[in-house]
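A.B. asks: For the protein sequence lines, the chains are A and B, in the order given.
As numbered in full-length UniProt numbering, residues 1 to 664 make up the first sequence, in order.
As numbered in full-length UniProt numbering, residues 1 to 254 make up the second sequence, in order.
No wet-lab data here; the hints were simulated from the structure.
Hints are supplied without guarantee of correctness; some may be wrong.
Calculated pairs, SDA-like style, for lysine to any residue (alpha carbon to alpha carbon, straight line, at most 25 Å) [stated by the list, open to error]: (1) A:K648 <-> B:S153; (2) A:K145 <-> B:K247; (3) A:K494 <-> B:K247; (4) B:K247 <-> A:T637; (5) A:K648 <-> B:A26.
If you want the building blocks of each chain, they are given just below.
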Amino acid sequence: MLVICILRRAFFLSCVSASISGDTGVIHVLESEADLEWPLSKGPNPPYMVLLESSLFTKSIMMKMKNASSRVAGVVVVPKTSPREFSPHTTCPNENTGVYTETYDSNLAHCNQTVWNPRGNGLSYEEFDFPVFSLKEDNETEVIKQCYFDHNRVVNGSGPQYPLCAMQLFSHMFAVTDTATCMRRSNIDFSSSPVMVCDPLGGYNVWAFIRPYNSTAFGHKENESVVIAAARLDSRAFFLQDSTGAEGSVSGFVTLLAAAQALRQATQEAPPTRNILFAFFHGEVFDYIGSSRMVYNMKNNKFVIDLDNVHSILEIGQVGVRSGSNLFLHSDPVSRRNNTVDDEVTNLVNNLHSSTAGLNFSFVESGFSQPLPPSSFQRFLRARAIPGIVLADHQTAFNNRYYESFYDNAAHLNLTYPSNLSPEEQLEFVTDTAKSLTEVATAVARALFKQAGGNDSQVNNINADPKTVTQMLYGFLVRSNNSWFQAVMAPELKDVLQPNPPQYYVGVAKSSHQANALTYLVQYLLANLTGTATNLTQSQCKKPDELPNESTYVYSYLWVQGMVPPNSTQRESFCVRTAVRRVMAVSPAFDLGDYVSKEYSTWTESQRKFIKARIFLVASRDLEMMTLGVGVAVLFTSLLVTYFVSTKADVLFSAVREPANAAY
Amino acid sequence: MTAAVFFGCAFIAFGPAFSLFIFTIAKDPLRVIILIAGAFFWLVSLLLSSLVWFIATKATNAQDLTLQKDLLIFGCVFSVILQEVFRFAYYRLLRKANEGLAAISEEDGPPLSVREMAYVAGLGFGIMSGAFSMINTLSDSLGPGTVGMFGDSQYYFITSALMTLALTLLHTFWGVVFFEGCERRRWWVIAVVLCLHLMVFSLSLLNPLYVGSILPVYAIMLLMAVWAFFSSGGSLHNITLLWMCRKSNTETSS
């Protein structure tokens, strides 16, 4: 609901730091772009607090207000209808931390060849001198508008009369300047409980091997070859807490989850020669936090495999908004100049082509030599020339008109349900979007199986389940508190399920359960879809090492709530044995203490006091000064008169002679 | 509303009381004691009357707004009566104390005349009454906003301060007149004071029609000032004496 001050290596962005006592401004409800003249130049009572609807939340209006920031005390955005297109992100996402740098290939760096997000206006990365808040359209917003209409309306071009309706926003941020300064200030305090001024951004990566390894044995594994299937978890919006990411991230990771489920049976019956690692990276929007952490761990022998074990990578990008019946395969032209890598990529492409047999779409290569779109695969390429493919629904620029914006929601993916369904019925209803993503998941699963050296005869038995896909889409984009998500979650985590979608902003690494809802959901879903139910009791599930055949080095054991059988009210909880791990992922820059790193993400988030807003009437300055003047006059007059009367009291008040026998 | 309004209203409401305190009370410890005790008596009277009102509101339906308003009016009338009763009780106490003080004092006769005690007691009542009226309003006036969101007048702060000023001075004058009336056994004075107090209260019910409440209250205050002046030993003759004294002073000095 609010913009939070987030800092980077060089400067701080989209910071809403208000003064410590709050910013007050006279409310002005913006009706059109021309109306902007009133707060910016014509209005007689600056500063103004501008309230605008989402259709007016455009770059041109915001930049005009930024240039006149002495007259603007703050901006309040009320989301209403979606504009035709709106992307507050940059045109070239993560341009400095991908693989395309000047040294790698200067023709491809900085999106010189393909601009991936041409609609991007960079609003999320602008620095404003005033706070920008968002308010939901409900009773409170109506009260604010009513107050404006009652007191602040402009009548016949003349200014409104005092008292005027004003609004005060409190959002004091502690962080300053940039990450390096902020972290230095946090580190200065030598006491046992240091005062942190800002926190590094970070979340949790979720990953699982088909054949898990001993999780304490780090480093290279002899004769092990792994195919990595990757997807991104997070996204953002201008107002970080409002991030939705339906096409940007959900379409990708839901497809990968469905593919993992599809592969489960085939890989258990006929395990392929190579291992497959399903990896879900968090924090990718902010310069690839999750994937850079995994690559860093692999390079430094802090992960169960290392880069030599990685055979190839298949990443699922944005696959939800197709403009035809083709999905595009993106590869990196620079590494493909090496013949070995090129052969492997061609092999992977062939596997993908053949996996779409019998399905309603096909995979097509991008056609000409084009760089990779922004993807986690780029971080692996930075370390090693690994063959790999990124799947996407766009051939060149994104099809996503709302990239990294609040409007990239269920409606954008055409997730529509018939109107008379209850929430539980909506959960079960298979939408068209779910059907098309199911087909993609089937193709991905088959391709992964073949890529991992699996037996060709098994391939046609690998099918993704549309019911699973539609339930996941419902849970991640409409409401996370549904019966299926409740069944797969642990009992102590059931309060992360809410009647709305989870939050997709990565946040800081040590935040509450609520903020980590997304990674818990992905972890437990992946466990449910790829793990095995066991007969262990709850206490055994907590300490399975005491049992002969179980080992927490290899597996993790999760106690989940389970479904409610039709005739009873008790849930049938059980213990799941799974290879899924959920591991904290913070940018390596903070491990290395290099807060100005150009190699890794250096994003931090400011700590802040409470954030609140209130409205009230303000009186004119003249009335206030008159009150003060009258007060001072009364004080002086009374001092003078009293002094005068008290010195002349013996003259003014003649003494009364007390009667000698005064008695009452 | 801001610091300007806070200080302005504080000066209006408490300026005269403050100057009276500095110039006439602060030097004499006995006067200070009588002032504080008077304030305390007023406070006890308010406590008892508010207890009655509180029980009445809790025993009835809180949703019925007209009933609550009527109960408030009843509570205030009861409080006015109780304040005057406590003023009388304080008079009795001071008379008894005066005899004791006269016995132990070094000078001949009582250290404080009844008139001085009357004035100090009245001022004590007035200061405490003003504090209770005004302190909450003052603390709210420090914030950035002003009254008026729900249609009330934006002059609320300044008119509250003016009313508090009037009430403080009125209590002082009533004290003087009341004690004098008790001394001379003129019981009709007590009745008049009570009636005037009730009239001032009912005028305040006319708010926010500030013209209808503040102007009559200030008129009553001026009348009471004149009455208190005459009842504490002043006279027109003294004023002309003072005027001539000043005239002769200016003549001799020029």
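A.B. asks: State for each hint whether it applies.
C.D. replies: Hints, one by one, checked against the model:
1. In summary, the hint linking K648 of chain A to S153 of chain B is not supported, as the alpha carbons are separated by about 42 Å, beyond the 25 Å threshold.
2. Proposed proximity of K145 of chain A and K247 of chain B is contradicted: the alpha carbons are some 66 Å apart, above 25 Å.
3. Under the criterion of a C-alpha separation no larger than 25 Å, the hint pairing K494 of chain A with K247 of chain B is inconsistent with the structure, at around 92 Å.
4. For the hint pairing K247 of chain B with T637 of chain A, the CA-to-CA distance comes to about 22 Å; that is within 25 Å, so the pair holds.
5. A threshold of 25 Å between alpha carbons decides the hint, and for K648 of chain A with A26 of chain B the separation of about 18 Å falls inside it, so the pair holds.
The structure does not agree with the numbered hints 1, 2 and 3 stated previously, though it agrees with the rest.
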